[in-house]
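Taking the hints into account, I'd like the entire structure generated from these sequences.
Okay, here's what each chain looks like letter by letter:
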Amino acid sequence: MTPRPGLVLEVDRSTPPTLFWHGERFVLERLPEGSRIVYAPEPLDPLEDPVGAIRHALLHPIGDRDPLPALLRPGMRLTICFDDVSLPLPPMRAPDVRQLVIEQVLEMAAAAGVDDVVLVAALALHRRMTEAELRHALGDRVYDAFAPLGLLTQHDAEDPDNLVHLGTTERGEDVEINRRAATSDLVVYVNINLVAMDGGHKSVATGLASYRSLRHHHNPRTMVHSRSFMDAPSSELHSSNWRMGRLIAESGIKVFQIETTLNTDTFPRQFAFLQRREWEWSVRDRAAFAATSAALERTPARLARQVFHSIRAPHALVSVQAGEVEAVHAVTTANVWRQQGVEVDGQTDILTMGLPYICPYNVNSIMNPVLVACLGLGYFFNLYRGRPLVREGGVVILHHPTPWEFHPGHHPSYIDFFEEVLSDTTDPVEMAKTYEESFATDPWYVHLYRTGHAYHGVHPFYMWYWCAHALDHLGRVIVVGGDPAAVRRMGFSPASRLDDALEMASDVVGRSPTLTHIHTPPLLMADVR
Amino acid sequence: MKTLVFERNLARFAASRLASNFGSGRAAGIGPLRLVEAEPPELPSTEWRRVTPRLSGICGSDLATLDGRSSRYFEHLVSFPFVPGHEVVGELETGARIVLEPVLGCATRALDPPCAACRRGMHGDCERTAFGRLAPGIQTGYCADTGGGWSHAGLVAHPSQLHPVPDSFSDEDAVMVEPVACACHAVCDAQLRGTETVAVLGAGTLGLAVVAALSALSASGRVPGAAAVLVGAKYSHQRRLAVELGATAAIGPDQLGRAVRRRSGSLALAEPRASAGPGPLTGGADVVFDCVGSSSSIAQSLEMVRPRGRVVLVGMPGRVHVDLAPLWQREVRLAGAYAYGTEVVGPPDGRPPDGRPVDGRPPDGGPAESVGTFALAFAVVAAHRLGRLVSATYPIDRFEEAIAHAGAAGRRGAVKIAFDLRGTRDRRAAPSGRQSTGGTP
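Protein chains in written order, with the working numbering: chain C, 1 to 529; chain E, 1 to 441.
Since the hints were made in silico from the structure, they are not lab data.
Facing chain C, a subset of chain E residues (Cβ under 7 Å, in silico):
# : residue
1 : Q255
2 : R258
3 : R262
4 : L267
5 : A268
The model shown is predicted, which means the values in this text are computed figures rather than measured ones.
Don't be surprised by glycine CBs; every beta carbon is placed ideally from N, CA and C.
See below:
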């Protein structure tokens, strides 16, 4: 049966309560009559032969690129870069699509007699992946062939010996990337394009870059002018990356881009109710929801976190394209929209969203308050093309426990950011001016980023900048069920229940507001007319 | 006349120690402190004066004594029975208001020639506090012959102990002078040069007084001050006050190590951990004022001070258990800061370091000068109107409540608790926000 497209449901008296994520839990909320609920399209059918499709893409590239085997020759330097642990979400069931792609690339390289091959995890300023995470992404065969020989590396944005400054763009943006990639005869970049923001020139220009380079587009001004950064033509973030990407190409660095899109089959069968429309829940779905909710109510938060982070998504490959960066990315973006796009008429006064336990920066970790803000106001708010789902001056209501809790190993600078910076200012521009440099160059954060599994010292700033467009646009942000102190620290308003939040929102949007709810999972992109 | 007397009574001492396990100040009713009818103490000589207390504060060292947690070191430096109370604003028989400087040094003991410390004006370091014409006692409030502030019978004081109170001072301002003098001494003795990162651990009366002294004395050019003052304060009202008094930042005590690490650009030796602090730092604050004086606060101070930095113990420590390996390996100076005397103030060596401006002032600081610590304390209290730190006063017959309140001051949103020994008509306007629980005995 053909997957059904997304839809916008208008809530009436017969509409059952709506599912909201709430961190490591979920709740049912009854939305006011007249509210709209945006449901994502159903997951697309997977490719029947993913390996065959990958080989086909490598042999039939898009744009001005020869087939991969034609680019491979003995004696060349080949660098294969791949997206890190932040994609996909949740981590997908083995075999990961990166493994499938890289195995094919390696097979072709071996056939061509290429023996100088290095794999690079394109971390940018993210934390280094653990061995288990690398094994999951690449498979044991690839890991065991490369890691013991030191040929599986993770990009280190703080290693001056392994960075090359390629020049500056016409806007004066420094382009500094990984030396191995910059000095290779061919860079093969393996993407997982979970959302429309991913991929394109952003892969190399961001994933393999240094702070010196990244600060030109990861800043409040760029973020406010990225409307949204899920829509590349309207995104200053992407414009900057594209300028950098073209400079990289002009520098003689040849990139063979491989982009993949997955369907939105996000949770395994026992959580199937999460992806179904509530009025279509079967008896089995209702029983599963009731049982799961009851069990989670009795489960300590830490254990619940472990349970959820152990989930492996049944994501399946639905498209793969390879070749020249821009040509490939145009097709990829269309495929992402095909899976996730929903047309929505007009904006709303209040936008509600339930936030899950995971975002790109807390895989196997804790979703700290800054990441809650980033997921809600950075990612979900920006899941639009055209206009934001919520009108200017409107209200966003987030549903999340927002605990005042941080992973000390993964997010050490977040702790100080939360204590030192957000207690002083929540203004992205002000914090960039006053605090960013000192966090970015803090030797302890640099040490932990390079030697441990810590995000870079500047990373919490980027997460807050990610919210800049929303903060600039919205009249108020309310968090339902969050730790009041943590919520207030971020300049938001805590509410204990959705009804209270709606009452509080009326101070901003009046007594008869329109309300729209983004129903996730699965992910969707709103095409707001 | 009603007087609180602390007697040597081992059974009551043991009971107070036991009760204090449930919280400081809980032992007032069962410990060695008793409310009695007493006559005024005798004048040791004709030059001594009688002082009728108006307000008398309850300080951390009083609480430690009442809790039975004071160090046995003091056994030979006090005499029983004594009337506690060394933070005193009172009045003379002439009606003039005075603040008592309670140290009982050589001058008060009629020792001539005085000891070396007293000759230098450092009577806080007096070597003869157990000798001379008075019974042993380092201060009024711990000496059997002088009386103390927690009494309607009054106390006796040597003229060298008396400081007139300006008319502009409320009694509440005046009663803060003695603890602020302790803070001024700690600050003056810390050898600041205007460029340091300073951490203040604890923000009770002493911690806040240190912050106030740092800002007021540097503003007046008396000491170079610090480049940044980071305060670890447990309670929100303490954090608010610390910032009002001049702290660069005031945060929870468990966050102080992180803030110091950030400020000093240090690394941390331990792996990041779930507990709040970063553990021992490779660098750290130039000076840490430990205004708590516990094993954990000293250990925390040693973790966050830089190599060859200085930890100043402002809060009275007792017997503590501390790993001194970091002190040894990092060559840390651990210094006590007790009482007061005479301070040498002004820019270091009469000029700012390296000829650079200090706190924005031009390098014209002039020569160093000697000044009494209490004079500095009066200036600090005046600059910040520190009478506002007096949170509640109690009549002496409600001493159990008063002491319990003082023992839980931070938790109950208070700073300084004092006994009010004034008559109802005699009270001056209390600062706003202060809670008066009735002062009529």
